[in-house]
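Participant: The lines below spell out each chain.
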Amino acid sequence: MQKNTIISIQQFFILVVYFIIGSTVIIIPSFLALKAKQDAWISAIITIVLGVLLVWMYDVIIKEFPDDTLIEISEKVLGKWLGKIASLIYVTYFIFLTSLIIRTIGEFMVTQILVETPIEVIHILFLLVGAMGVRLGIEVLARTAEIFFPWIIFFFALIVLFLVPRYDFQKLMPILENGFKPVLDGVFTFVSIPFLDLIILLMIVPFVKKEDRNKIRKGFIFGVIVGGIVVTSLVSLCLITLGIDFTARNTYPTYVLAKQISIGKFLERIEGLVAGLWVFTIFFKMSICYFASVLALAQFFQIKNHKFFVFPLFYILMIYSIISIPNWPYFRKVALDYWPYYVTILGFILPFLLLIVAKIRYRTTRKWSEKGV
Amino acid sequence: MLTDSLGGNLEKIREDIGQSSDIIIRIVKAGVNHRHGVGVIYTDGLADKETVQNFILESLLIDLRESFQKIDAENFFLFIKDCVLKAGEVKEISDFQKVYFHVLSGDTVILVDGIKKALAVGTRGWQDRGVNEPSSQIVVRGPKDGFTETLRTNTALVRRRIRDKNLRIETKQIGKITKTDVCIMYIKGIVQDKIVDEVRQRLERIEIDGILESGYIEEYIQDETFTPFPTVYNTERPDIIAAALLEGKVAILVDGTPFALVVPALFVSFFQASEDYYQRFDISTFIRLLRYLAFFIALITPSFYIAVTTFHQEMLPTPLLISIMAQREGVPFPAFVEALLMELTFEILREAGTRMPRAVGQAISIVGALVIGEAAVQAGLVSPVMVIVVSITAISSFISPTFNMAISIRILRFLFMGLAASFGFFGIILGMIALVLHLTSLRSFGIPYMSPLAPFFLSGQKDSLIRMPRWMMLRRPSLINQTNIIRDTGAHSEKPKSREIENETSKQGNEK
Amino acid sequence: MKIFLLLLATIIILFIDLPEMIQKQLKKEIIVYSLLLIAGIILSILHMLQVPLFNPTDLIVWMFRPFVE
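So the protein sequences, as listed, match chains A, B and C.
Okay, so the first sequence: first residue is 1 according to the UniProt record's numbering, each after it adds one.
Okay, so the second sequence: first residue is 1 according to the UniProt record's numbering, each after it adds one.
Okay, so the third sequence: first residue is 1 according to the UniProt record's numbering, each after it adds one.
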């Protein structure tokens, strides 16, 4: 385990924000509009609250095992064999998630911006830079994320501001037209796309500086809230400028949204800026997942130096980013209907079980840290 | 080891040094009745002739005539050392290596017959350039003296600015053959001891035959070799060295070059000109932000042009797009080749301009202006927009206050052009990410290169992208410095009472 | 052509990683590393030859079909 690299609590917060925003902003607005119609913003707000509660639960696990990653925790709590099975499930999930994220940006690029470039080439470039970051370690990734963070927030705010002339709040009416059922459907979708995936950050928590340990909960929750607000506001922006139907039917409503910007005839066509923002945020989300996959794989095989797994995993990610999604409508269907169940098991039920087992064994034995395991 | 026979010693020295015509060996008979044979050795050109004549040879030949009647060799030697030589620096040495070292450094060595020891007298003084205005980092306001090729002069220039007993200068010789003097300078009590130790260790490890410029040292002590970015700062301005020492950095001065090194060097320090601290803070802040902007422009303007013309035409406003496309009509190359051609031409011109003899420089600029500006466009090889792009890039890359940071952009620019040509903005963005990943992974003597931007320190922001007023920067940079952090007690953070002066003067005026 | 490029990339990767592993005599690392790398290469070649590969998305669909319907 290489835990001598350290990240500060601000950097951890920033990583959480990137994780919430990245790839979510591409997928979620359309999904939410589809499920919850004009009440998408209500489900988004409920989801943030749920997300905070979820992170609270993760934090209880973190408090119990401050020095361990998710893989180490599951092997400690569930014993050798059960633990290995749980780890394997998580490793495959991390790798799968990483390849899906890569595909999200690849698909976006190929359909909207670089129409003539083969998707494989885009994936290779994207993954190469990611591999470079992962090899350099989480410390460097976190610092790089920190440098870009003010710009991301600045340009995001700029987009929100530029769209002001096009706001039309009438499009949100009537509120709760079809009762609460659609809203809850929306919540289930939104929770599953970024928030339940947050379990992957349990691979990174042990790298947080020792003196910042007691602030993890604050940073984590604050990150979830800030990221959630960014996504929620983008969802609402889509609704109030584009309308429900258009948002729901379009694959990339936020990109279309930026095309609407027109200030005084000269500030037009700045959707490239938006595309750039998505590349940044998705890159960092992908790097976090890539790093977590590499680390999880190394810990699964009980190997100290995870750096060596970056390139072997490169091939696997590359292939799976292509083949796991034969076509985009299929992905939309899976992400909308099947994915939530999958991540609910991995992101909520399994950690919850871990926590309960840990608490029971904690009562019968002494504290984990004292046992020195 | 020296023997007690003067003739034997001189014979050995002659043998070792060979027939070198610049080594002067003079044998004089000194004392009453010329009883004592004395050998005087110095290097012509390195030793100051006046000093050797007036204060050594004259003393030996004239002053000694009148002294004791009888004295043995031992006492004669001590007498010379303590009473006769009119020089400040006299050292006793006893082996040949030391003799050669001192003679070849410009000192004069005195051997006395019958004594196994020799005296090395400090007579260093050679022709040098004198303290001139530095040619690389020019200021409008600020001191105009620059380092010279002589180490002593350079240390003196710094010492003159910092009159503190804690300013330490450690000297050692590096280079098996050249035996170049290398100085480590720091202020004890401000600098972190760890960093000084690290510098000492890294200098210790250098095994090389010769050091001709501080660049040799830089390559040996830098943290990362495979990077286009400099992790060691160099300057020929003593005021910059003094400011760096006050911040708790370590300076390395090398004999034979006006360029001194400063470690640790952070990314932001390459954007801080000394003049930033001599001008008003608001102006300095503006200029500093301008530098970062220019850095960015110099880095990506050509690639931006390539990306826009090849991939993202829709991003331009239609009239501009039409005019650019009309201009590119006759150009036979794709934008990438066009940009590459022009950038390369410009790089060649620039290099030619720096290495050319001064007199031909004029010709180069005329040819350059004609080739780039007029002929290429008229021949339809490049579009006028491309010329503008190249000019903006060129001007922006000249704005950097440090030359080595400007060079690194020149290389990276081509990388970005390649990325833009194959992936458009996507390539540029990923290139930027890769660049920042690389930058944040760098360290300079253990200090993260991108600090205080990442890892972020609020206190460090006062003097990185912007410059706050002096009285707000009460502490020294926190990463470099941890022990003695208070720079100023903050007595001036209150506004002066200028109102009262006006009241006072007007009162006096009324009384009159 | 694609396979040739793939092998070229693999050689470059081996040049980056292997020397350090051999120097530090990390036996376990080398074994796992080569296994994964070989797996990756085989997967890539199969994909290039357009052999249908196992798709995790289909697995998810199969697993959660009862819930959705």
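By construction, these hints were calculated from the structure, which means they are not laboratory data.
Incorrect hints may have been included.
[Claimed, not checked] Derived contacts from chain B toward chain A, CB cut-off under 7 Å, selection only:
1) H312
2) M315
3) P319
4) F425
5) I429
6) I433
7) L435
8) S441
9) L453
10) A454
11) L458
12) S459
13) W471
14) L474
[As the list claims (entries may be wrong)] Which chain C residues stay away from chain A? Per the calculated CB distances, all over 10 Å, these:
15) M1
16) I3
17) F4
18) I16
19) S44
20) L49
21) T57
Even glycine gets a Cβ: it sits at the ideal position worked out from N, Cα and C.
Participant: Would the non-interface assignment of M1(C) survive a Cβ cutoff of 10 Å against chain A?
Facilitator: holds, 13 Å
Participant: Check the non-interface label on S44(C): least C-beta distance to chain A beyond 10 Å or not.
Facilitator: violated, 5 Å
Participant: Does L453(B) pass the interface check with chain A, least Cβ-Cβ distance below 7 Å?
Facilitator: With a minimum Cβ separation of about 6 Å from chain A (threshold 7 Å), the hint on L453(B) holds.
Participant: Would you assess whether I16(C), listed as outside the interface, keeps its beta-carbon beyond 10 Å of every beta-carbon in chain A?
Facilitator: violated, 7 Å
Participant: So is F4(C) really clear of chain A, every C-beta pair being over 10 Å apart?
Facilitator: holds, 15 Å
Participant: Going by Cβ atoms only, is M315(B) closer than 7 Å to chain A?
Facilitator: Holds: closest Cβ of chain A sits about 5 Å from M315(B), inside 7 Å.
Participant: Given L474(B) as an interface hint, is its Cβ closer than 7 Å to any Cβ of chain A?
Facilitator: Constraint on L474(B) not satisfied, violated at 23 Å.
Participant: Grab the minimum C-beta distance from S441(B) to chain A and call the hint holds if it beats 7 Å, violated otherwise.
Facilitator: For S441(B), the interface hint holds, since the closest Cβ of chain A sits about 4 Å away, which is under 7 Å.
Participant: Using Cβ atoms and 10 Å as the threshold, tell me whether T57(C) really stays out of contact range of chain A.
Facilitator: The claim is violated: T57(C) sits with its nearest Cβ about 5 Å from chain A, within 10 Å.
Participant: At a threshold of 7 Å, is the proposed contact between S459(B) and chain A supported by beta-carbon distances?
Facilitator: Check failed: Cβ of S459(B) comes no nearer than 14 Å to chain A, outside 7 Å.
Participant: Interface hint check: L458(B), Cβ to nearest Cβ on chain A, cutoff 7 Å. Holds or violated?
Facilitator: For L458(B), the interface hint is violated, since the closest Cβ of chain A sits about 10 Å away, which is over 7 Å.
Participant: With a cut-off of 7 Å, does the beta carbon of L435(B) approach a beta carbon of chain A closely enough for the hint to hold?
Facilitator: violated, 9 Å
Of the hints listed earlier, those the structure fails to meet are numbers 3, 7, 11, 12, 13, 14, 18, 19 and 21, in rising order.
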